[in-house]
Every structure is written in structure tokens, then in C-alpha cells.
Amino acid sequence: LCSNCGHKQDMPLSIRTYDCPVCGLSIDRDLNASLNILNWEPSA
Numbered sequence: 001l002c003s004n005c006g007h008k009q010d011m012p013l014s015i016r017t018y019d020c021p022v023c024g025l026s027i028d029r030d031l032n033a034s035l036n037i038l039n040w041e042p043s044a
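So the sequence shown is numbered by our numbering: it starts at 1 and just counts up by one.
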């Protein structure tokens with residue numbers, strides 16, 4: 001899940017950089033995941 005635009009794509013764990021084909025974000029996979037957790041809002 002892109003922490004910038006929300007695009008979802010499947011990736012093997014061996015790929016360590018997240019490259020979003022929609023918005024162009026290129027970021028370390030773990031940093032992207034931590035930003036997703038930080039920005040997560042529970043649904044009602």
C-alpha cells in the first residue's frame with residue numbers, strides 16, 4: 001500500500017524498495033510500512 005496515494009500492489013519480500021507506479025514514490029519498504037501504520041485510521 002503506497003503511503004502517498006494508497007495504491008496497492010503485491011511484492012515479494014526480497015524487494016526492499018517500494019516503487020509506486022501511480023504516484024512515482026520510491027521509498028524503503030519498511031519506512032513505507034511505518035508511514036502506513038502512522039497514518040492508519042480505524043474504521044467505525
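Hints may be right or wrong, so weigh each one.
[Stated by the list, open to error] Per label pair, the in silico range of CB-to-CB distance:
1. S14 to P42: 28 to 36 Å
2. S43 to S14: 17 to 25 Å
3. S14 to S34: 16 to 24 Å
4. S14 to N36: 14 to 22 Å
5. L31 to D10: 27 to 35 Å
6. D19 to W40: 18 to 26 Å
7. A44 to S14: 22 to 30 Å
Hints are computed from structural coordinates only; laboratory data are not their basis.
Please read these numbers as outputs of a predicted model, since none were measured by experiment.
All residues carry an ideal CB built from backbone N, CA and C; glycine is no exception.
Given a hint of 14 to 22 Å, does the C-beta separation of S14 and N36 actually sit inside it? For N36 against S14, whose Cβ atoms are near 20 Å apart, the range 14 to 22 Å holds.
When you take the CB atoms of A44 and S14, is the distance between them in 22 to 30 Å? violated, 37 Å
Does the Cβ pair D19, W40 satisfy 18 to 26 Å? holds, 22 Å
In this structure, is the beta-carbon distance linking L31 and D10 contained in 27 to 35 Å? violated, 19 Å
Range hint 28 to 36 Å (beta carbons of S14 and P42) holds or violated: Roughly 31 Å apart at Cβ, these two residues keep to the hinted range, so it holds.
That 16 to 24 Å hint for S14 and S34 (C-beta), does it hold up? Given about 19 Å between the Cβ atoms, the range holds.
Do the Cβ positions of S43 and S14 conform to the proposed distance bound of 17 to 25 Å? violated, 32 Å
Taken one by one, the earlier hints fail for this structure at numbers 2, 5 and 7, listed in ascending order.
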